[in-house]
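Q: Sequence:
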Amino acid sequence: MFRWFSIIGFASVLIGIVLHHLLFPCGNEPRFSIKPRINKKVHLLAMLFPEKKLRLHVKIHKLVFLLGLLSFSVLVMTGFVPLVFGYKLHGYLLMIHATFAPVFIGCSAIIVLFGAGEYAFNKKDAEAIPPGFRCSGEGCWVTDTGIGAKVGFWLLAAMALPVTLTMVLSMLPLFGTEGQEFLYDAHRWSALGFGLLAIIELYMLIRMGIRKDLNNG
Numbered sequence: 001m002f003r004w005f006s007i008i009g010f011a012s013v014l015i016g017i018v019l020h021h022l023l024f025p026c027g028n029e030p031r032f033s034i035k036p037r038i039n040k041k042v043h044l045l046a047m048l049f050p051e052k053k054l055r056l057h058v059k060i061h062k063l064v065f066l067l068g069l070l071s072f073s074v075l076v077m078t079g080f081v082p083l084v085f086g087y088k089l090h091g092y093l094l095m096i097h098a099t100f101a102p103v104f105i106g107c108s109a110i111i112v113l114f115g116a117g118e119y120a121f122n123k124k125d126a127e128a129i130p131p132g133f134r135c136s137g138e139g140c141w142v143t144d145t146g147i148g149a150k151v152g153f154w155l156l157a158a159m160a161l162p163v164t165l166t167m168v169l170s171m172l173p174l175f176g177t178e179g180q181e182f183l184y185d186a187h188r189w190s191a192l193g194f195g196l197l198a199i200i201e202l203y204m205l206i207r208m209g210i211r212k213d214l215n216n217g
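The sequence shown begins at 1 in the numbering used here and counts up one residue at a time.
Just so you know, these hints were derived from the structure itself, not from any lab.
Keep in mind the model is a prediction, meaning the values are calculated, not measured.
Please note that the accuracy of each hint is not assured.
Claimed, not checked - Listed next, with one range per pair, are the computed distances between beta-carbon atoms: (1) Gly176 - Lys88: 38 to 44 angstroms; (2) Trp4 - Gly91: 22 to 28 angstroms; (3) Phe133 - Ile60: 36 to 42 angstroms; (4) Gly209 - Gly91: 35 to 41 angstroms; (5) Gly209 - Ser73: 16 to 22 angstroms; (6) Gly117 - Gly139: 22 to 28 angstroms.
Claimed, not checked - DSS-like, lysine-lysine: derived pairs with alpha carbons at most 25 angstroms apart: (7) Lys88 - Lys212; (8) Lys150 - Lys62; (9) Lys123 - Lys212; (10) Lys212 - Lys59; (11) Lys212 - Lys124; (12) Lys123 - Lys150; (13) Lys88 - Lys124.
We put the beta carbon where it would ideally sit given N, CA and C, even for glycine.
Start from the sequences, fold in the hints, and give me the full structure.
A: If you want it as structure tokens, here you go:
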């Protein structure tokens with residue numbers, strides 16, 4: 001059952017992101033044009049590298065984010081991809097998964113610590129919500145005003161706790177065999193929810209970064 005929930009979950013999120021981008025493109029280009037999308041992909045790659053003019057603590061924050069993104073990608077690839085094809089996590093894949101897990105946990109803690117102030121809610125967030133909570137053809141307020149990213153940030157911060165605790169406790173012989181199996185299942189389900197939400201959060205951050213750069217340009 002978990003395997004099919006994982007397949008359906010990731011497929012639904014990816015399809016939803018594609019449809020959302022087609023309905024609410026970043027910028028004023030035609031929705032189905034190809035050249036602007038290629039330019040955005042190149043621009044997105046440039047956004048991954050810290051700029052020289054940034055302050056030291058901002059560079060560190062961005063490098064930690066990139067390291068966390070790398071570890072998250074490795075955890076998803078080792079934790080869910082084998083499952084999709086009907087394999088279990090064991091051997092070298094389990095070793096890689098267990099190696100990158102503490103790296104991701106550490107990066108997540110630093111990101112939450114550095115980003116708590118930036119992702120705090122304020123009055124401008126309430127003013128950005130349109131009447132009737134409707135999205136216009138020019139953009140989607142959920143993904144483009146920062147409200148969705150802030151909600152996702154705090155949800156991920158809260159979900160990181162059960163993902164971490166269930167992983168650590170399942171490795172300790174404190175709750176017996178049945179308890180370890182329960183914690184293992186709880187870790188898988190909480191990791192699935194975290195992974196799906198993290199992909200959505202990354203999509204919103206990418207949209208916001210592209211729109212901000214286009215407005216500044």
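Q: Can you let me know if the beta-carbon spacing of tryptophan 4 and glycine 91 is within 22 to 28 angstroms?
A: 24 angstroms, holds
Q: Between lysine 88 and lysine 212, does the CA-CA distance stay at or below 25 angstroms?
A: Not satisfied, since the Cα-Cα distance of roughly 42 angstroms exceeds 25 angstroms.
Q: Could you grab the alpha-carbon distance between lysine 150 and lysine 62 and see if it respects the 25 angstroms cut-off?
A: 17 angstroms, holds
Q: Run the distance test for lysine 123 versus lysine 212: straight-line Cα separation, threshold 25 angstroms.
A: 20 angstroms, holds
Q: Indicate whether the distance between the beta carbons of phenylalanine 133 and isoleucine 60 respects the range 36 to 42 angstroms.
A: For phenylalanine 133 and isoleucine 60 the Cβ distance comes to about 37 angstroms; the hint holds.
Q: Given the hinted pair lysine 88 and lysine 124, is their alpha-carbon gap at most 25 angstroms?
A: Since the Cα atoms of lysine 88 and lysine 124 sit roughly 47 angstroms apart, the hinted pair is violated (cutoff 25 angstroms).
Q: Tell me if the beta carbons of glycine 117 and glycine 139 are separated by a distance inside 22 to 28 angstroms.
A: Since glycine 117 and glycine 139 have Cβ atoms about 26 angstroms apart, the given range 22 to 28 angstroms holds.
Q: Starting from the range 16 to 22 angstroms, see whether the pair glycine 209 and serine 73 falls in it by beta-carbon distance.
A: For glycine 209 and serine 73 the Cβ distance comes to about 18 angstroms; the hint holds.
Q: Is the distance from the Cβ of glycine 209 to the Cβ of glycine 91 consistent with 35 to 41 angstroms?
A: 38 angstroms, holds
Q: Does 38 to 44 angstroms hold as the CB distance between glycine 176 and lysine 88, or does it fail?
A: 22 angstroms, violated
Q: Checking one constraint from the list: CA of lysine 123 to CA of lysine 150, max 25 angstroms. Satisfied?
A: Holds - the C-alpha atoms of lysine 150 and lysine 123 are around 13 angstroms apart, at most 25 angstroms.
Q: Measure nothing beyond the straight line between the CA atoms of lysine 212 and lysine 124; if it is 25 angstroms or shorter, mark the hint as holding.
A: 17 angstroms, holds
Checked against the numbered hints listed earlier, the structure breaks hints 1, 7, 13; every other hint is satisfied.
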